[in-house]
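So you can see what is in the structure, the chains are spelled out below.
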Amino acid sequence: MQVWAVANQKGGVGKTTTAVSLAGLLAQRGRRTLLVDLDPHGSLTAYFGHDPDSITDSVYELFRDDAPAVGALLRDSDVPELAVLPASTAMVTLDRQLGAQAGKGLVIKRALDSVRHDFDHVIIDCPPVLGILMVNALAACEQLIIPVQTEFLAIKGLERILHTLQMIGRSRGDGLRHVIVPTMFDRRTRASIDALRSLRRDYGTQVWEAVVPVDTQFRDASRQHLPLSVLNPRARGAAAYAALLNSLLAQGEVPKLRVIHGHG
Amino acid sequence: MAENSTKTLLDEGIALSMFLDTLLREPQPEPREAPPAAQAPVLEVVPTVTPAAPPVEVAHPAAEVEVAAEASVDNDRPAWAQETFQALLFKAGGLRLAVPLAELHGIVEWHDDITPMPGHADFYLGLLQHQDKTVPVIDTARFVLPADRLAKLAPDVAERITRIVLIDEARWGLACDEVERVVNLEPDQVRWRSAQTSRRWLAGTVVEHMCALLDGAAFAQLLARGRD
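Chains as they are written, first to last, in our numbering: chain G, 3 to 266; chain X, 609 to 836.
Okay, chain X solo, but in the shape it has when bound (with noise of 0.2 Å):
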């Protein structure tokens, strides 16, 4: 049925917004050089990953971190963050996160048509049937909030998830309460995650939009161990 066609669509705010802001924003010829560390802004909101996550020793084969010194990439920022890049603002549990576009498959509206995983961790929330693929839907607050701010969630999802942010070519959902708006950043305005961080979906943190900029790639990689 077009139902289905429709759900891959973005709200109409956010494509709009991503149009605007892709029209007006100056083209980078030039590739950036890293900020200096030192200037880096000291973070308010942080973000602590749940108990419930996995061990997060993610294994790097050699050959991605060669292909990464043949691009000469001078720093640990993902591909997507090397010049001024866009990112989905987007509240969980109240926290606010960002999804680089790079990472964003699509956004769905929540409905009740979730098909319970019994016996999974409780931040599966279920399954989605997305046009013809069956994506596990992650009750993201419950995976990213530290236990003492989970304790305040209401417990019924269907009260505070409003939509679901499909990643990793929607491999993932991500349920949430609301979506915001598209912002540009520039790669010197995000703490990134400094190489020891337990938190590997954490890519690191803007001060200015008081959010958590999610690694989508580390975050489904999270997510697939998790499941196994």
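With the rest of the complex left out, here is chain G (with noise of 0.2 Å):
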């Protein structure tokens, strides 16, 4: 089972239609695919039409010293293969509620493992604040995926996580591989051109080589609560993030993005 995270502690840069539009291709190539909400806004959980403020069973139960196992949590969706694992509201009080006891930034590994013969893959789409849940999740994941809105303040944004990622490193004790996916690309526009010149300019490798366009139908895919690949495989966001697989995969094969080490 390969477990891989969505992040980036800038909201609105695509995280969400990052995580479900990769979990929906898994799924249309017959991998058993969950996607884990671990965002307590909940923006993956009312994609697949779950109502984040009033749902019982979600990540929430999990940090409970008595948790339920997985499966009882887990969600069908209308994409064959792809299961949700629904975030709550309640789980923005997690941090307060738990402070930094040892040991609760693996609750998710844990939950994970115990179904690691029922998911080829999961997709954890991250809150955009360093907390225990992003903490979770990026201890229990092999892959980080960054979505970078191709935009100036966005990119500006970026040497936070990498930092994050850097301290998570230290603390897990082995690296963790990365990627930028530069997103909402709008190739009409001076200043989309400009940021992704930079961003390349400044990360180098750590960048995917291609991008993912701007594509209203995006939008269409969200309202009818399927991945866009379900809804079009044949629109050019959907394309876009069906060569991101591609790339992922072939990577998860032979690493060589960037790993950054914990050291000194």
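Hints in this document: simulated from the structure, not taken from any laboratory. Since we're looking at a predicted model, the values are computed, not measured.
Residues of chain G clear of chain X, computed beta-carbon distances all greater than 12 Å:
(1) V117
(2) R189
(3) Q219
(4) S224
(5) H227
Label pairs and their computed distance ranges (CB to CB):
(6) G:R162 / X:A832: 41 to 47 Å
(7) G:Q103 / X:R779: 27 to 33 Å
(8) X:A623 / G:D196: 33 to 39 Å
(9) G:E144 / X:D756: 47 to 53 Å
(10) G:M3 / X:D764: 56 to 62 Å
(11) X:A623 / G:K158: 20 to 26 Å
Don't be surprised by glycine CBs; every beta carbon is placed ideally from N, CA and C.
The two chains are supplied separately, each in an independent frame; assemble them into the complex guided by the hints.
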């Protein structure tokens, strides 16, 4: 089972779209796929038609001392082979309730270990803040996907997630493979082109070689609670994520993306 | 002013490191067995106490010994070192030291607002006004380094000191060159001091990090006696 996390400490950069798109494609290829929503905002949960404000069985339950089995919390989606572990708004209280208790950063890792024979892939949608949930995601995954909107301010915020990644690498005692994915690229605008150029200049091989373009069909897909690749496999956005998926699967076989190792 | 209250916060990097290390550390439900003494590694860095340090017979009231026995601790390690613990690495006079987080009160930046204490031992830098407390600040390097290394210290403390590590509930401040990071330590990574050592402030040494681990409580006791 491979576990990937999609994270950025800036919101609105295409995190949920990236998670849903990659998971949808994996499921369409027959891979048993689990989408985990670790963001208390519950965008991914809402994407699949569940209300994070009223849902009762969610990731929140996993943090209880008497946590239920993961299987009891899973929801089917309208896509075969794709299950969802939803978020609830109450997860926003976990940091305050649990503080920094030893081992509480490993809850999701343990939970996913318990279903490792049930899924081929897990994709985690992370919250945009560094707290117990993001630490859990980064502790559980072996590949981090960092979507970055091709826009000046979004790129400025990239340093923060890379710093977090480095700190986590130290605490984990190993490295975490990561790739920066330029999103919402609009080739008609100067701002997008300049932002992409500076992203490649500053982060080099950490940046995926292609881009995810702006595509209004992402919005249509979310309205229908479906990944875009299911709604319209030929859409530009779906094709871009298919290429990203191929790249990630290939990298998984022969890792060559930059690995940040903790040291010193 | 707000300035005073922010001083008690840890450095951002240290705070983040502590947060992450704690969350990602496996909790240890079972009490640990004492590591076999024969496996203790040979120490290469052994700091020596300065001659300025006072005599070191620190009395242990019988009651304390009884409490320790009741807690069924079958070793001489401090209470914070009975299982995995965290320690802050910092440097004083180039020597790397570690203080357990259990005994760390906070870290403040060094400013030139220390009130000198004329007539005291040279390792007393002066008094720091910290919130509602007056905290004596020690030139840690002068307290712990051997004489031959003291000669190499920059005479101007402002040139080498950047932080003050507060211990013993901020009753003492240990001035240091720099604060490094937080590490997780297993009790068996530490070569614990022998009972007859003259360096009561030294809880032990950690070869992996080439550092001396401070016994904050003993350090504070020594300083208190020295002050009188």
